[in-house]
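Could you put the whole structure together from the sequences, leaning on the hints where they help?
Given next are the chains, with one letter for each unit.
Number of protein chains: 2
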Amino acid sequence: MHQGTIIALRDRVLDAAEAVVVRQGIANLTLEAVAADAGMSKGGLLHHFPSKDKLIEAMVTRCADHWRQHADEAYRQSPEGPGRMARALLSHLEDPESWTEQCQRGSCAVFAALAQNPALIQPMRAVYSEIRERLTRDGLPEGVGETVIAAMDGLWLYRVLGLTTVDRSLMELVRKVLQPLVGTGTPARGTNEPRAARGTHESKKKGIEQ
Amino acid sequence: MHQGTIIALRDRVLDAAEAVVVRQGIANLTLEAVAADAGMSKGGLLHHFPSKDKLIEAMVTRCADHWRQHADEAYRQSPEGPGRMARALLSHLEDPESWTEQCQRGSCAVFAALAQNPALIQPMRAVYSEIRERLTRDGLPEGVGETVIAAMDGLWLYRVLGLTTVDRSLMELVRKVLQPLVGTGTPARGTNEPRAARGTHESKKKGIEQ
DNA sequence: CGGAATCAACCGTCTGGACGGTTTGTCGAT
DNA sequence: ATCGACAAACCGTCCAGACGGTTGATTCCG
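Chains A and B, in that order, give the protein sequences.
In the working numbering, each number is its position in the first sequence, counted from 1, plus 501.
In the working numbering, each number is its position in the second sequence, counted from 1, plus 501.
No wet-lab data here; the hints were simulated from the structure.
Some hints here could point you the wrong way.
[To be verified] The list that follows gives simulated cross-link-like pairs (lysine to aspartate or glutamate, EDC-like), each with its CA atoms no further than 20 Å apart:
no.	chain 1	residue 1	chain 2	residue 2
1	A	Lys555	A	Asp538
2	A	Lys553	A	Asp516
3	A	Lys677	B	Glu643
4	B	Lys555	B	Glu581
5	A	Lys543	A	Asp516
6	B	Lys677	A	Glu643
[Claimed, not checked] Coverage of chain B stretches by chain A, computed from C-beta distances (three or more under 8 Å per stretch; other residues unrestricted):
no.	segment
7	572-586
8	626-640
9	645-655
10	658-665
For every residue, glycine included, the Cβ atom is placed at its ideal position computed from N, Cα and C.
Right, dumping it as structure tokens:
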């Protein structure tokens with residue numbers, strides 16, 4: 502139970518930080534504001550996160566973990582065959598609510614890190630290199646996986662910057678264009694020669710294929 | 502000549518601001534730092550840009566203008582036919598130096614705006630809605646243009662956040678995947694029924710088709 | 001059992017520094 | 001002499017982090 506409350510408290514603080522960013526922007530992400538939103542004093546906040554850097558690092562790490570977890574889960578539920586990872590990623594566009602929420606979480610953490618200290622993005626980088634690695638061994642023609650994830654992150658960018666309204670119709674449009682590139686899961690004839698997953702890799706990083 | 506020096510000075514200051522962001526990050530984009538980099542005092546800087554908001558607004562506007570100009574130019578040089586705009590955008594990936602430079606300029610302005618006051622992104626929004634509008638009348642199947650630009654901006658994101666190394670091989674890979682979707686300029690049979698450019702638009706905004 | 005000791009969680013205050021913006025003054029060109 | 005282009009000093013504010021408490025629960029000890 503004690504462990505539980507500690508974890509809940511950390512999450513409460515991180516939620517508060519995200520809430521501050523959403524409501525008041527990165528410029529107003531101050532320790533005082535976070536403390537107030539989390540219902541404690543600045544002193545109390547600093548007791549748990551000894552510096553602003555540590556706080557933001559925790560935001561990014563939590564976000565990266567969620568993201569990794571989500572990707573793993575989607576991969577597991579995606580039918581086998583070439584393009585499994587790419588299809589797993591694409592499937593996220595079919596769930597606008599979940600996607601939108603992850604957009605917001607991600608943007609809070611990433612922008613906070615960017616403003617405070619770009620090096621704090623590191624955990625995100627790590628997740629991306631894991632995913633990119635899986636994409637390159639996905640059994641699709643070269644570049645397809647990279648294109649799919651780039652397009653999805655383009656949408657992410659539009660959403661979090663408000664560069665364009667990203668409603669479900671746009672998501673659907675993009676998904677329908679990308680879908681033919683990644684196949685259906687049952688390897689169809691007519692696709693380009695899929696690169697074989699070259700050997701010499703057996704869980705290079707932990708947690709990639711469980 | 503006088504007008505000339507004023508313009509040159511504005512650009513010098515904006516260049517200085519970008520340089521500060523590149524070297525020291527958004528967190529250190531202060532009026533003092535910009536003034537120092539531009540070789541003047543803070544008072545002098547504030548003489549030209551009466552507030553930090555105005556300075557960043559100018560950064561974003563200049564960047565948006567460059568971006569619009571570049572898109573117009575590429576469109577002009579792109580062969581006619583369906584997908585002309587999409588092909589124009591894609592062609593930028595063939596010029597990594599220019600692309601990289603625009604990445605940096607854009608990221609400085611956008612991130613500065615994001616940190617200072619998200620509303621300052623407005624000029625960028627305007628450029629995007631112009632480009633998106635041209636893309637939807639591009640004579641390509643629905644969603645293709647949107648996918649192309651999203652993928653390219655995904656690459657932009659990777660580059661400016663350092664989420665992934667974006668070298669010319671990755672750019673080439675993505676370009677080669679997207680190319681078949683936008684055709685060659687000579688309308689090939691076998692593509693989907695292109696949407697006709699619906700009438701009712703005659704230079705809705707200035708500067709779109711000159 | 002009961003009180004002393006311990007410890008983590010948390011609060012309120014303070015401070016040093018940085019930053020945006022203002023004011024006042026200087027100088028050269030017209 | 002007037003005006004625009006600066007410079008320098010300054011002000012008010014805000015924020016990260018330090019510090020010294022206080023509380024409340026737990027444990028230790030007699």
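Given hint aspartate 516 of chain A paired with lysine 553 of chain A - CA-CA distance at most 20 Å: Holds: lysine 553 of chain A and aspartate 516 of chain A sit about 15 Å apart, inside 20 Å.
Coverage assertion for the segment 626-640 of chain B with respect to chain A, Cβ distance below 8 Å, three residues required: Three-residue rule met by the segment 626-640 of chain B, so holds; n is 4.
Straight-line alpha-carbon gap lysine 555 of chain B to glutamate 581 of chain B, limit 20 Å: The hint is violated at about 40 Å.
Given hint glutamate 643 of chain B paired with lysine 677 of chain A - CA-CA distance at most 20 Å: Answer holds: lysine 677 of chain A to glutamate 643 of chain B is near 9 Å, not above 20 Å.
Hinted pair lysine 677 of chain B and glutamate 643 of chain A, Cα distance within 20 Å: Within the cut-off at roughly 9 Å; holds.
Satisfaction of hint between aspartate 516 of chain A and lysine 543 of chain A, Cα-Cα up to 20 Å: Distance ~16 Å between lysine 543 of chain A and aspartate 516 of chain A Cα, so the pair holds.
Proposed proximity, aspartate 538 of chain A with lysine 555 of chain A (alpha carbon, max 20 Å): Holds: lysine 555 of chain A and aspartate 538 of chain A sit about 18 Å apart, inside 20 Å.
Coverage claim, chain A over the segment 572-586 of chain B, checked by counting residues with Cβ within 8 Å (three needed): Our answer is that it is violated, as 0 residues pass the Cβ test (under 8 Å) against chain A, missing three.
8 Å C-beta criterion, at least three residues: is the segment 645-655 of chain B covered by chain A: Since 9 is at least three, the answer is holds.
Coverage of the segment 658-665 of chain B by chain A (three or more Cβ within 8 Å): Held - the segment 658-665 of chain B has 6 residues with a Cβ nearer than 8 Å to chain A, which meets the minimum of three.
The structure shown violates the earlier hints numbered 4 and 7.
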